[in-house]
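Generate the whole structure from the sequences, applying the supplied hints.
Here's the letter readout for the chains.
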Amino acid sequence: RADMAAPAAKGTSRTAQNDVASIKKKGPGALATAYLVIYNVVMTAGWLVIAIGLVRAYLSKGSYHGLYYSIERPLKFFQTGALLEILHCAVGIVPSSVVLTGFQVMSRVFLTWAVTHSVREVQNEDSVLLFVVAWTVTEIIRYSFYTFSLLNHLPYLIKWARYTLFIVLYPMGVTGELLTIYAALPYVQKTGLYSVTLPNKYNFSFDYYTFLILVMVSYIPRKYRLLLLLLLLLLLLSKIRVLRSEQISDTQINHRMLIHFWGILWIMVCFMFVLEMQTLCSIVTIQL
Amino acid sequence: LPPEGKALKDDEILQNLPVGTTATLYFKDLGPQVGWTMVFLCEYAGPLFIYLLFYFRLPYIYHHKHAFTSSPYPAVTLACVCHSIHYIKRLVETIFVHRFSHGTMPLRNIVRNCIYYWGFAAWLAYYINHPLYTPPYYGNKQVNYALAMFVICQAGNFSIHLALNNLRSDGSKARKIPYPTKNPFTWLFFFVSCPNYTYEAGAWFSFTIMTQCVPVGLFTLIGFIQMTIWAKGKHYTYIRDFKEYPDLRMAIIPFLL
Chain A
1 RADMAAPAAK
11 GTSRTAQNDV
21 ASIKKKGPGA
31 LATAYLVIYN
41 VVMTAGWLVI
51 AIGLVRAYLS
61 KGSYHGLYYS
71 IERPLKFFQT
81 GALLEILHCA
91 VGIVPSSVVL
101 TGFQVMSRVF
111 LTWAVTHSVR
121 EVQNEDSVLL
131 FVVAWTVTEI
141 IRYSFYTFSL
151 LNHLPYLIKW
161 ARYTLFIVLY
171 PMGVTGELLT
181 IYAALPYVQK
191 TGLYSVTLPN
201 KYNFSFDYYT
211 FLILVMVSYI
221 PRKYRLLLLL
231 LLLLLLLSKI
241 RVLRSEQISD
251 TQINHRMLIH
261 FWGILWIMVC
271 FMFVLEMQTL
281 CSIVTIQL
Chain B
1 LPPEGKALKD
11 DEILQNLPVG
21 TTATLYFKDL
31 GPQVGWTMVF
41 LCEYAGPLFI
51 YLLFYFRLPY
61 IYHHKHAFTS
71 SPYPAVTLAC
81 VCHSIHYIKR
91 LVETIFVHRF
101 SHGTMPLRNI
111 VRNCIYYWGF
121 AAWLAYYINH
131 PLYTPPYYGN
141 KQVNYALAMF
151 VICQAGNFSI
161 HLALNNLRSD
171 GSKARKIPYP
181 TKNPFTWLFF
191 FVSCPNYTYE
201 AGAWFSFTIM
211 TQCVPVGLFT
221 LIGFIQMTIW
231 AKGKHYTYIR
241 DFKEYPDLRM
251 AIIPFLL
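Residue numbers (UniProt numbering), protein chains in the order written: chain A, 1 to 288; chain B, 1 to 257.
Computed from the model, here is a short list of chain B residues facing chain A with C-beta under 7 Å:
no., residue
1, Tyr-127
2, Leu-132
3, Tyr-133
4, Thr-134
5, Tyr-137
6, Cys-213
7, Val-214
Computed Cβ-Cβ distance ranges for the label pairs, DEER-style:
no., chain 1, residue 1, chain 2, residue 2, range
8, B, Asn-166, A, Trp-113, 51 to 59 Å
9, A, Phe-204, B, Ala-67, 21 to 29 Å
10, A, Lys-223, B, Val-34, 19 to 27 Å
11, B, Thr-237, A, Met-257, 54 to 62 Å
12, A, Thr-251, B, Ala-67, 19 to 27 Å
Anything over 12 Å on all C-beta distances counts as not near chain B; from chain A, calculated:
no., residue
13, Ala-45
14, Asn-152
15, Gln-278
None of these hints come from the bench; they were simulated from the model. Glycine is no exception: its CB is placed at the ideal position from the N, C-alpha and C atoms.
Take a look at the structure:
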């Protein structure tokens, strides 16, 4: 997530590392470079196919609902193909951190397979279209960026696009992803999807519903998570206090608490956005 | 020495260094540090205490009708005893047995390590002491064999720590090759560079069999991977430092790893 949000940092660190690599060792050899060029070209083409598929489906259907089905297969194929990038980092032909790349790719693959594919009912949601469009545009730009970088012939337009469009695409993608997971929650709870309950002979339990909520929480940057935890604790304490003093029912309390929680969360999101605007603007001005 | 070169040892005397009349010393700020002993005491006291919270089923952990009840299975009590003895042993070793070559470690490590140990202790204690716990498939036979293996591995681990302690009994900080002694548990030194890790992995493996619990298995696996990395590092350091290092020895598992 941090990697996507700051391709600026990644871009500069990659060029810096490439300089160091050319001084210290040879860097990726000719064969590896050829393979990487082919890989990036194939991925660019794949995501272009998805983009074209979306446009065609929109034109033929006349509305933007239910477009997921028209690009389901290439989306799954090419997003899963991104797993190879973890291998590239592990082997060393790409100078990125395995952990960072792994985290990013796995979060995408998780959303593609464990949420969108597994919970059929969310496939009609508009939020799916939101993140698919965001991913498509981002990936086309990203893979063509890598292709041109490897060939040492990077057009300024691609570089500009990568470092500027993410301001729109990243929030768009995150919103789509979060809304999709949120939409999947009731179905997961109802069917007990991917969940294991006690008792069983392995003495293990797993609640996919809680897991998905934790995934949603993990989207919040670390420093704000602590704030959220504190707010939750305060809410809980006030709930206990109110329960002791008044005689209103538990469900009424929970309802009130929930409203307060959403209000606070929304205020926190706006606050976060305002704070981070400054960082975003500084990144953009550095790159331009 | 250039700034990026190897650091000087703590006990090197300035007069003996190959410098002229003036010497430039480079210092590196390691950040906030905390002593190893303190770190280990925190790390090991936590799980000891946390497991007992779950064993006695304090309120708010499980459903309130199970508060302060106890499990009907002897395996659960046995698991509590074994787990507690394991951590008590580690605390005793930290206080009386271990000698540390570096005095301190960065502050970040204590937070990370404590979260790891305490978190896992809570997670596996939750399942073992759960009202819906299922005892091992093969019953008492499985529990007893696993218990025997656990005790052997604990004794072995303790013997190795004592043997390693005796290597430095004259107070010097020089490194020496550890050799098997009269204690049969130390005979693993014939086959392995780091038998303390071997015994530790064995102990946790037998604890997994004894409780038949997946989270314990996961803890064993992760611990084993980490200890293998450490053992391999130590093994290659030994080979590099000592020309006469025995050929037969592997890092952590005899003949294999």
